[in-house]
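Asker: Order-wise, the sequence lines are chains S and B. Residue 247 in the numbering used here sits at position 247 of the first sequence, and the numbers go up by one each step. Residue 923 in the numbering used here sits at position 140 of the second sequence, and the numbers go up by one each step.
It is worth saying that the hints were derived from the structure and are not from the lab. Idealized CB from N, CA, C, for every residue including glycine. A portion of the hints provided could be inaccurate.
Claimed, not checked - When the alpha-carbon atoms are kept at most 35 Å apart in a straight line, the in silico DSBU-like pairs for lysine-lysine are as follows: (1) B:Lys1010 / S:Lys227; (2) S:Lys730 / B:Lys1010; (3) B:Lys1010 / S:Lys596; (4) B:Lys1513 / S:Lys436; (5) B:Lys1513 / S:Lys59; (6) B:Lys1219 / S:Lys560; (7) B:Lys1219 / S:Lys730; (8) B:Lys1343 / B:Lys1010; (9) S:Lys730 / B:Lys1343; (10) B:Lys1343 / S:Lys660; (11) S:Lys642 / B:Lys1513; (12) S:Lys660 / S:Lys227; (13) B:Lys1343 / S:Lys59; (14) S:Lys296 / S:Lys106; (15) S:Lys730 / B:Lys842; (16) B:Lys1379 / B:Lys1010; (17) B:Lys824 / B:Lys1513; (18) S:Lys106 / S:Lys356; (19) S:Lys296 / B:Lys1513; (20) S:Lys660 / S:Lys59; (21) B:Lys1513 / S:Lys644.
Said to hold, decoys possible - Here are some of the chain B residues that sit facing chain S, going by a computed Cβ distance under 8 Å: (22) Phe1059; (23) Ala1065; (24) Val1074; (25) Cys1075; (26) Thr1299; (27) Ser1483; (28) Thr1486.
2 protein chains.
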Amino acid sequence: MPFTTAELNGEEDTESLVHPLLNSQRSVINSSSQVAIVGAKLCPVESLDYEIAENDFFKQDWRTRGRVQIFQYILMKWLLSLCVGAIVSLIGFFNNLTVENIAGIKFLVTSNMMSAGSYGMAFLVFSVSNFVLTLFPAAVTSYICPAAAGSGIPEVKAYLNGVDAPGIFSLGTLVVKIFGSISAVSSSLFIGKAGSMVHTGACVASVFGQGGSKKYHLTWKWLRYFKNDRDRRDLITSGSAAGIAAAFRAPVGGLLFALEEMASWWRSALLWRAFFTTAIVAVILRALIDVCLSGKCGPFGKGGLIMYDVTSTNVSYSFSDVPAVLILGVVGGLLGAVFNFLMNKVLWVYSRVNGKGTVYKVLLTCGVSIFTSGLLFGLPWLASCKACPTDAEEACPTVGKSGNYMKFQCSSGEYNDLASLIFNTNDDAIKNLFSKDTDSEFQYTTIIVFFLTCFFLTVVSTGVVVPSGLFVPIIVTGASYGRGVAMLIDSRSSLNQGLFAVLGAASLLGGTMRNTVSLCVMLLELTNNLLMLPLMMIILLISKTVADAFNGNVFDTIMKLKGFPYLENHAEPYMRQLTVADVVTGPLQIFNGIEKVGNIVHVLRTTGHNGFPVIDEPPMSSSSSPILFGLILRAHLIELLKGKVFSPTPEYSSSDVFQKFSADDFAKRGSGHGDAIDDIELSQEELEMYVDLHPFTNASPYTVVETMSLAKALILFREVGLRHLLVIPKFSSRSPVVGILTRHDFMPEHILNLNPSLTRHRWKRLRFFQLPRALKTLLGLQP
Amino acid sequence: MPFTTAELNGEEDTESLVHPLLNSQRSVINSSSQVAIVGAKLCPVESLDYEIAENDFFKQDWRTRGRVQIFQYILMKWLLSLCVGAIVSLIGFFNNLTVENIAGIKFLVTSNMMSAGSYGMAFLVFSVSNFVLTLFPAAVTSYICPAAAGSGIPEVKAYLNGVDAPGIFSLGTLVVKIFGSISAVSSSLFIGKAGSMVHTGACVASVFGQGGSKKYHLTWKWLRYFKNDRDRRDLITSGSAAGIAAAFRAPVGGLLFALEEMASWWRSALLWRAFFTTAIVAVILRALIDVCLSGKCGPFGKGGLIMYDVTSTNVSYSFSDVPAVLILGVVGGLLGAVFNFLMNKVLWVYSRVNGKGTVYKVLLTCGVSIFTSGLLFGLPWLASCKACPTDAEEACPTVGKSGNYMKFQCSSGEYNDLASLIFNTNDDAIKNLFSKDTDSEFQYTTIIVFFLTCFFLTVVSTGVVVPSGLFVPIIVTGASYGRGVAMLIDSRSSLNQGLFAVLGAASLLGGTMRNTVSLCVMLLELTNNLLMLPLMMIILLISKTVADAFNGNVFDTIMKLKGFPYLENHAEPYMRQLTVADVVTGPLQIFNGIEKVGNIVHVLRTTGHNGFPVIDEPPMSSSSSPILFGLILRAHLIELLKGKVFSPTPEYSSSDVFQKFSADDFAKRGSGHGDAIDDIELSQEELEMYVDLHPFTNASPYTVVETMSLAKALILFREVGLRHLLVIPKFSSRSPVVGILTRHDFMPEHILNLNPSLTRHRWKRLRFFQLPRALKTLLGLQP
C-alpha cells in the first residue's frame, strides 16, 4: 500500500473521524498573505497563467496559424536561447573582469603602501574604497530598485513556481543587478557574484519574453509568440541555467542547478533548449578567455573566470581515507545546518532594521562594510610571519598582484599566511586553499581564524541590501574548513590538503544548499578533476542528509521568510483528511454566459479575483438547471470591455466578433503592465448593454468535485500548473459551481487557520529531534 | 498567446467547425491493441496504479501507522537504494570481467594459431567458439525467457511510463539477462552490454520492490511497504540509473540517462535517492578496480571497466576547428537518422522471421553469428601489412593479448591495422580509436572498411534474440567515423585524431539516441576530459537537431514497433478539436454502493475492465438522483470477494469490516501475480448476498466533464499519472458518470480510428521534408 512522503503522518489522528470536517465555511475569506518581500521591498504577488485558455477565439486563432508562424515560433525559440546564452555569457565575463580589475587595483595600491610602511594610509585607502564601493550599490538598490537586492534566487524560484511580483525582471533591475553586483563584490564584502548571475540571466531572458522593452523602443514583432507565461517560464529557466553556467564556467552544472533547484516544471524539450543555452555560454566564455590569456583584458584579466585547477595526474585514495571523508561530510552537514539557522535569525533581525526606512538599509550595509574592512585589515596582524619556502614555484613574498605569499606587515623573505587568505579576493583565497603541494604553507591557527572569520562574515553579509550571492562565500568557508580538517588528521590520510579543501567546500555547500547532483557536477567542472567523483558524491550525500535532519535548504528558508506562496509538489498528510469543501472560501462571483456590462464592471471594481466561472442559466442553457460553461479571466474581461462589442439585448454574438480582436490583445503582458478596470471609461448607456462571454470563456476548465480530498486536488493543481481550479457540487440540485481554489487555498497557514484542530497533527519532515523517539519505539522501549 | 509544441498544428482544419465532432460513440469498443512484444514474445500489457486509492480502509490504515513504520519505510528506501547499487555494481563488474576473460582467451588462442601459421584451424576455433557462445544465449532466451531478449530499454521505459507486462522483471529474466549477455557479447556479435545492464538494474530493483521472491523463499517483512506501483517505479528508476552507471563507470551520466531518457515522472527526492544509488556504484567499482589492477582478476582483468583515457594536458582548439566540428555533427546526425531508419526496417523483417516459431529465432541468431565470424576473420586479409613504427610505446606487433598492433597474417615487424580494430573486442577497438599520438597508425581505407563493417553489423545484429545493447556498437562505429573525418581533413585542424574519434562517437550517439545532457556527461566521464565540454555540447546538439528532422530516437522507434501504449507528455493538436465525449468508449459497467455479490462476479467474469465507478442510487443516496461515490479497482473487488464479508440484505457494513482485512491484502502484487476472478469459489447462497463497497472505494477519483477538451484531459491523465479518469456529464439529469478514460483512449491510433476525418490533419513533428515548403512560404514564394 502506498505511503508517499506526504502520507508519512504517523500521528493517530482519530479526531477527524469524530468531528466531521466537512462544514460550510464558504463565507470565510482567505486571509493568507498576497504580498511578499521582493528583493528588499514588500510587494503584492500574483499567480501566473500556465493553463491554455481553450476558448472559441483562441481556437479560431490557432486554426488560422499557418506553417510560417510555426516555423517562426520554433526558429525564435532557438534564436532566443542563443541570444540569452550569448548575452549572459558576455555579462558574466564582464562582471568577472571588472571585479578582478577593481579589486586587483585596490589590493595592489594597498599592498604597495604597506610595503612603503604607511600602514595607516593603507587602511584608510582600503576602508574608504570599500565604503564607497558598498555605498554605491546600497544606495542605488535601496532607493531606485529594491528588487535587485540579495541573490534573487528565491524570487526566480518562486516565479518558476508560478508566483509573479512586479519589477523583478525589469530592465532597471537588470542594470542595477549587474553594476551593483560588480561594485559590491569588489568592495571586499563577503558576498558572491554567482547568485546575482542567476537573477541576471533570468532578467535577460524575461526582457525577451516580454517582447523587448516598449519604453526603450526595443521590440520585435516575432517576439509576440512569447508573450505568455508558459513560454516566459521556459525562457527564464534557460536564463537562470545560463547565469550559473557563466558565473562558474560550468555549463552542465548550471543546467542541473536550474533543473534541481530552480524549476518546478520541466520537460525534455526544455532540457535540450537550456542545454543549448549553456553550451553557447561555454563556447563564448572559452573564446573570450583565450583572448584574455593573451593579455588583452587589463592588468588582472588573466584572473577572471577561474577554474580552480587541482588536477594532479594521480589522485589516489584508498579505503583508509574513507573515515576522514565521512567525518568531513558529517561535520560539514552540521555546520551547514548551523549556518542556515543563524542566517535565518540574522535575516529576520535585518528585515526589522530594513523595515524602518530606506536610510536604515543603507546605514546597515555601510556598517557591515566598515566592520568587514576592519576585520580584514586587522586580523592578519595577529598572525606571525613565516619564512618563505625555498622551493616555492612563485615569487615569495608575492610581488604586487595578489598571490600565495602576501607580505603584509612582514619583513622581506617572510610572508603572512593569514593575509594571503584574508587580504585577498575570495577567488584567490579559494585558489590558494585548493592548490596542491602547499601543505606547509598555512599554520593551523591561521586556518582556524580564517574559517571562523569567513563563517561569521558570510552570515552577517548575506542580508545586506546589495545584489549578493552565497556560493563563493560558502565555497571559501568550506575550503578553509576542509583544509583545517586535513591539517588535523595530517599524516593519517594520503589525500593532499588541496583535495581536502575541495571536499570541505562540497560538504558545506551540501549542508546549506542541499542539492546534490548539480553541486557535484559544478564542483567537478570547477576543479576539472573527474577522478574525485566517487568521493564528491558520497560527501555531498552525507552532508545533505545530516543537515536535512535539522532544517531546510537555504533558498527555501529565505523564500519562506520573504513570504512567497510557494506550492510544494507533494501534499501534507493532513490534507488527506480534508476535502476541498473544507478549505474553499467565498464569496464566489459568477457571471452569466451573456452578462450585463455594468454588472461585470461592478464585480471587477469591487473584487480582486482574477478568474470567474461563467454559467448558462435556464433560458440560455439547453437544460432545465443552470450549467457551468467555463472560466473567464479578469484580463480577458478587461480586453472585452475595452473592445466594446456590446449588444443592447442579451443575445449570442455572431462570428464576426473574432475580427474585432486580434490575438495580441489577449496576450499576457509582462508583470505589472496589464490594464486596470479603472482605466476603462464606459458610458451609462454602454453599462446597460450586454456582452456575450462565450467566445472568450475557457470552456475546458479543470474541475474537482467538492468531496475530493484536498491532497488529490493539490496534486492536480500543482502538476498541471493551474491558477484556478473550479469546485463543482456533489449533488446536482444546487448551483453548478460552488467555489474556486487558488494557490493560496493550498497554503498550510490558510488550511491550519481554518482548521486549528489540525495544528497539532501537522507533520513536519522527520527531523533529528524526532529520531530518538522513533528509534526507542523501534527497539521496543516505548509502546 | 500560448502555442505549445503540441499546438503547432499549422493546418487550417476548418472541417471541425463544419461537422460537429461531438456525437454519441459510446457504444464503440476501444479496439486499440492491449498486447505488445516484450523481449521477443507477444504478451498482454496492463496499466499500473500510481493513484492512491483514498478509501476509508486505507485512511484507517494510515492513521494506525506510527512513527516506527515511518522510520522503517524511510530506512528501507535508503537501504534498498544501497542494496540495488551494490548488487548492480557487482553484476556490472562481473559482466565486464567475464567478457574480458572469455573474449581475451578466445583471441589469444586464435592469435597464437595464426602465429603458428595454422590459419584454417584458427578460423575454425574462432567461428565455432563464437557459434557456441551465441547458441547458448539464443536458445536460453528463445525457449526459456523471451523477455530477456534485446536491450530491455524500451520495456523499462514503457514500464516507467505506466505499462506493465508479465515477466519483464522476474528473477528468471534477471539470470538469463546476465549470463546471456556475457555469452553473447563474448561471441564477437556486434552488440553491447550497457543496454542489458539497464534492464538488469531494473530487474534487481524490481525483485526488491515485489517483496523478494516467494518462490525461492527470499522475502523480508519490511519489504511490504514497497508492494505498490509508486514505490516500485522509484526503485526501478534508480535501478536503471545504476545499470548505466555500472556499465560505463559513469555515475552522473547514468543518473542523467535515467532522468532524460527513461523516466516519465521525476521529483527531487527521487533524484537524490538515485544519485545515492549511483554513488554506491561508483565507490564499489572504484574499489574493485583497485583490486583488479593489482592483478587478481584473471589474465585479462585489467581490461575490465574501461575508462577511455584521452587526457592530454593541452587539449587546445581554436575557432578554426569549428567548421570541422560542425561538419562532423551534421553528417553524424544524418548517419544517425539513416541508422534508425535501417534498423527499423531490419527489426520489422526480423520480427516476421521470429514470428514463425522459436526455432527460427535461434536459426536467425546463429546465422548472424556465422556471418559475423566470417566477416571479422575475412576482412583483415584485404588490408595490406604496415611496418611497425619505430617509436611505438607498446610492443609491435602485439604479443598475445589484444593490443594496438595485431600481427594477424603479417610477417614479424609488421602489423595489420584492420585486424587491430576488427579482430579485437569492441572495447579495445574503441581504446585504439580514441588513443592520442596514433595519427599514423591506421590507413585511410582501413578506417573506411571498418566503419562500413561496424555500421552494417550493428544494424543487422541488434534484432537478434539475445540480450543485447546498442551503446558500445554505436560508440565504435562513431569513433571510426570521427577518425575517418579527421584523416580526411588531416592538417586543416589542430585537433588530434583521437579527439575526433571521441567527437565522432558523440555525433553518432546524438544522431541515434537523441539525448544530449546524459550523453555529454557520460562521454566526459568515459574519457575523463572536461576541457572538451564545449565541443561535445555543440556536436551533440547539432547531430540531435539534424537527426530529429528525419525520424525519432532509436528507443522510441523500437518501443513503437513493439506496440507499447506509451503516453506522451504533450497533446497532439487535433486533440484540442475533440472533447472527451468524442473518444470515450463503452459499454460502461457500474456498481451500486451496496452491490449483489453475484452481480459483481458476473461483471468481473464477462469484462476485462480494471476499474468500476460506484454509484449510490436514490434510496441510498441523500439526493433524489443517483450520485457518483467513487471508483473501485478489480483487484480490490477480488480481495473483497475472497474475504467474503457479505450480508444477506443491502446494508452498510459496520466498522469492524476493517479488522477482517489487513493492508497487505490490498497491496499490489508483482506483475502477473494477482488473483483471477475464476480462482474464487462462491456458493449459490453467497452469490445472492450483498457487499458494501463504500469502505473500499476510492472516494476521490479524478473526474472531467464530458465537454472537456481531449488535450486537457490528456495533460491531467499524464501529469497526475492516472489509470482511470471518470467522465461526468455536463447536464445533471443523466447518470452521474458517462464513461471511463484509460491510457488506450488517448492513443492516436484509437482517436484517428474513431475520427478518420482527422487523419489528414494529423500533425507530425516538423520533419525535414516539410521544411522546404515552410521556408518557401516564409520567403513569400508560396501564398
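Asker: Straight-line Cα separation of S:Lys730 and B:Lys1343 no greater than 35 Å?
Answerer: Given that 35 Å is the threshold and the Cα spacing comes to 41 Å, the pair is violated.
Asker: Is the hinted pair B:Lys1219 and S:Lys730 satisfied, with a Cα-Cα distance of at most 35 Å?
Answerer: 72 Å, violated
Asker: Within 35 Å, alpha carbon to alpha carbon, are B:Lys1343 and S:Lys59?
Answerer: 31 Å, holds
Asker: Can B:Cys1075 be said to touch chain S, with a Cβ gap under 8 Å?
Answerer: 15 Å, violated
Asker: Is the interface hint satisfied for B:Ser1483? The criterion is a beta-carbon contact with chain S at less than 8 Å.
Answerer: 4 Å, holds
Asker: Need the status of pair S:Lys660, S:Lys59: alpha-carbon distance at most 35 Å?
Answerer: 15 Å, holds
Asker: Hint check: S:Lys642 vs B:Lys1513, CA-CA at most 35 Å. Holds or violated?
Answerer: 32 Å, holds
Asker: Is the straight-line distance between the alpha-carbon of B:Lys824 and that of B:Lys1513 35 Å or less?
Answerer: 44 Å, violated
Asker: Given the hinted pair S:Lys730 and B:Lys1010, is their Cα-Cα distance within 35 Å?
Answerer: 33 Å, holds
Asker: Check the hint pairing B:Lys1343 with S:Lys660 against an upper bound of 35 Å on the C-alpha distance.
Answerer: 45 Å, violated
Asker: Next pair to validate is B:Lys1379 with B:Lys1010; report whether the Cα-Cα distance is within 35 Å.
Answerer: 30 Å, holds
Asker: Run the distance test for B:Lys1219 versus S:Lys560: straight-line Cα separation, threshold 35 Å.
Answerer: Violated - the C-alpha atoms of S:Lys560 and B:Lys1219 are around 53 Å apart, more than 35 Å.
In this structure, the earlier hints numbered 1, 3, 4, 6, 7, 9, 10, 17, 19, 24 and 25 are contradicted, and the remaining ones agree with it.
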